[in-house]
Structure formats: C-alpha cells, structure tokens
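Protein chains: 2
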Amino acid sequence: MESKQRLIAKDLLAKIKSGQYRPGDLLPGEVQLTELYGTSRETVRKALRHLVDLGLIQKVRGRGSVVLNLDRYKFPISGLTSFKELNASQGLNAETKVLVLEERPSPEYFMTAELTSEPATFIRRLRIINGEPDVVDEDFILKSVVPEIPLGEAANSLYRYFEDDLGLDISYATKLVTFEKAPQHVAKLLQVASVAVVRSMVYLQDTRLFQLTTSYHRPDKFEFSDFARRQKL
Amino acid sequence: MESKQRLIAKDLLAKIKSGQYRPGDLLPGEVQLTELYGTSRETVRKALRHLVDLGLIQKVRGRGSVVLNLDRYKFPISGLTSFKELNASQGLNAETKVLVLEERPSPEYFMTAELTSEPATFIRRLRIINGEPDVVDEDFILKSVVPEIPLGEAANSLYRYFEDDLGLDISYATKLVTFEKAPQHVAKLLQVASVAVVRSMVYLQDTRLFQLTTSYHRPDKFEFSDFARRQKL
DNA sequence: CAGTGGTCTAGACCACGCC
DNA sequence: GCGTGGTCTAGACCACTGG
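Protein sequence lines, in the order shown, are assigned to chains C and W. If you want my numbering, it's the position in the first sequence, counting the first as 1, plus 27. If you want my numbering, it's the position in the second sequence, counting the first as 1, plus 27.
Some hints could be false.
Identical copies carry no separate label here, and so any pair may be met within one copy or between two of them.
As the list claims (entries may be wrong) - In silico DSS-like cross-links for lysine-lysine, where the CA-CA straight-line distance does not exceed 30 Å:
(1) K215 x K44
(2) K37 x K215
(3) K73 x K170
(4) K170 x K37
(5) K124 x K31
(6) K86 x K170
(7) K124 x K37
(8) K124 x K248
(9) K248 x K215
(10) K44 x K248
(11) K73 x K42
Because the hints were derived from the structure by calculation, they are not lab data. Since the structure is predicted, the reported quantities are computational estimates derived from the model, not experimental observations.
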C-alpha cells in the first residue's frame, strides 16, 4: 500500500526528472496540488516535505516551492546509496570481485562503549571501474540480522538483496571520512600508499545495527558529496 | 514568535541532552506528549520530525520513539556548522588568523552552467588548533548578499555575524570532499604536501547563493562525519 | 491586494509490536 | 487487545512576497 503522500512525491519527482519542472521553476501552489491530486493540503505538504529532504526543492514563503539544481550532484545526495545503484545512475563501467566471504567476528575497533564484538559475515570486495581497481570494501554483516549470505549476492548489490529479498528496512547510517596510510593488502590491491577511508555503521528501521563497513578508495579518484540543511533549533 | 512544534522540539532536545532521556530509551508516546504540551497530535509529530532530522531519535512503529546515541559524533552531524560553533562543542583550543580580506571576483571553476563570476569578498583564514596550523579556509562571500564585511567579524564566526547581525537565513549547502595535492601557499602554511579539501556552496532560504568556500585540511587531522538517512521514494 | 507557504486543530482509521 | 506510530481530513488563522 503506497500512501498518497508518497505517490504525490513520486509523481512530482518524476516530473522534475523528466524536465517538466526545471531548476528555478516553481511547483504549482499547495492549494493547486490539493485539487490536482484530490487530497487535503496537509497531505500535499507531507509529500513536498519528502522532496525537501531529498534536496530537490526549497520552499520559500510567499513565493512557492522552487526546484533546485540536480546536476550538481555526481555522487549521491548524502551517501547511503549502494555501489550498484551508483553505477546505474552514473553509467560507469564497473565490475565487482569478491575476494573473501567468510564468518568472522566484527572488529573491536569499530565498537563504541556498549558495543562488543559479534558474529558476522565478513566480505572483502574489489571494485574495478573502467578497468582500474579503485575501491576495496570490507563489510561485516551481523549474523543476528542476516545469518547467511549467498556468494552470488555478494557480487551483486547487497542492498538489493537485503531490501528486496530479505525485506530488511535499512534506515540510517553514520559515516566517517578520513585520509590514511593504506593497510598492506589494500596498498597492494589499489597500488597506492595512501587511501581515502569511509567507515560506516548502518542501522535498520528498528534501530538494530546490522552492517559495519570500511571502504578504501584511491585518493585521486575519491569524491564524497553531501547535501546538508542547516539545523536550527 | 516560536512555534509550538519548535518549543516542543527544543524542550525534548534539552531533556535528551541533560540525560533525562538516554540513548536507547523511549520518549513518551505521542498521545502522552499531546497532553504534556497541550497541543494536537500532528503538532507533536512535527516536533518529533525535527528530532528525526537531527538524527537524535528514530521512530519505530508499534514501539515508540527511540533516543539514539549522541556521542558517536565528534564532528557535527552533516557539516553545515561553522568553525566557531565546532570549537565550542568540542572544547578545542583554537585560534583564527585572517590572512587576506579583499574584494575579488568569485572564481570560475566553482561555477556551474548558468553561474558566472560575481563580485565578492575574499577571505583567507588560517585555523590554528592547539598551537598547530590545521586548516586554511578560503571564502568568497557574494557582494550581492553581503556588500561589506568588517575585519573584526572575519576573525570571529562569520555565521554568527550573518545570522544574528544581518538576519540572513542560511539554509542549505552542497559539499564535496576530495584529497588533493596542496596548492603552494597552502602547503607552506600547513607544512604538508597533500590536503583534504572540502568545497561548499552555501545558499539562503530564498535559494540565493551567497558563499563559496574551499577548505584545506591537514590530512592527518581531517575527519568528516555524516549522518544519513536512506532516501526511499 | 491576492497568493504563497507555515502553523495548528480535533477528530478518524490503519498497521504494527508486544504481551 | 492495547498501545504505538503512520496516514489523512477539512477546516482555520497567520506571515510573508509579490505586484
């Protein structure tokens, strides 16, 4: 069951993507959208709220909802998108090699105060883009959430597997970007001495931690983009 | 005039910060909050929405609103916070040196398609943390928005000046993090060959672009942290 | 001034988690 | 079953922008 607010948001998104509404344009007013979709105004507003969250529009009092520039973002808006999705949206010629897939307890160094090591599936993957090794991903998927991972899925998009096949509701993540000397095995794979490192902790909708990732990137190819709204309270 | 939803959000935020509600705890139910604050439920929900946006709570259907871990973030949640605010929240011993403050057109390389060079105030500042030069900030503040910047304010927090004194409504930004060879003058100031670079475009609530920043960081000290929610539509 | 978005209300029904 | 959050409604008044 899709909610009305989601349907409206999707429809507007499609119209923005198709160029029916272009950057700088104003969307129809909220009252007008109300008539267009046959819903109450609060429902329309919730739909628009989704687009605001996506960084697609900006609401201006007394003027309207302004469509923002899309093409600024080569990379995903706030990086919770998976590697496969990235390729699709960027049209890169990419390949994934699974180097390791085994049972291994999650590392201590990832853990904060109350978290301790837990049984997990460890996956090391090499991402090859346009024929060049660019990224090494090391994932720990907690067994308490996903007991088993088929090898075939690891070569594909893990997120697709988790969400579509297992019905997991991946909800939020914390990320930390740093620049470090490459560990030996990474240095060998990527042929560089230093790497950009992205460490993530990914959580489900019910607040369960389920994935710990360390992602090593060739620094000369690395880009991390972010869309941020100023939080005032 | 503070809206009810903002007051409620602030109050809950204070209670979370003070430890009255701790990570893992559930906030009172929405109906209960309704009675507590004497408002309708939708208003309570809007307040909670703000806390969700901040990454402070996670709502779980059938269970309640769970308070999330705060202390994961040494750096601000989604980096639209200014340097001075950072210090305050992290208790660092920091100092700012204004190296340059002059009129200078905004650079071309920052511009996308329809944007061209515009008159701006250029500010170069050196950030010294615990006695060590760590960051070089280069800002272009568009004159169309802020015609003049007092030298004294540049040494302070520009954001405080813009928001409190000028009443500007800073709303959102796009950021791009990369690792690069340091430009000569930066290499000299920070005494390193490579730097972490954060480029930002900052916009006002009415969608006017007003600030372009390039921020060079010592790579060994650099950390960029992000809280991201998975965007499903 | 008319039109825009921002806030708020007092209901209602539904979907889900937990006991 | 009960309590939770998710969705939705049909009004209302306010604050701001624009011409």
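Would you pick out the hints that fail for this structure and give their numbers low to high? Hints 1, 2, 3, 4, 5 and 7 not satisfied by this model.
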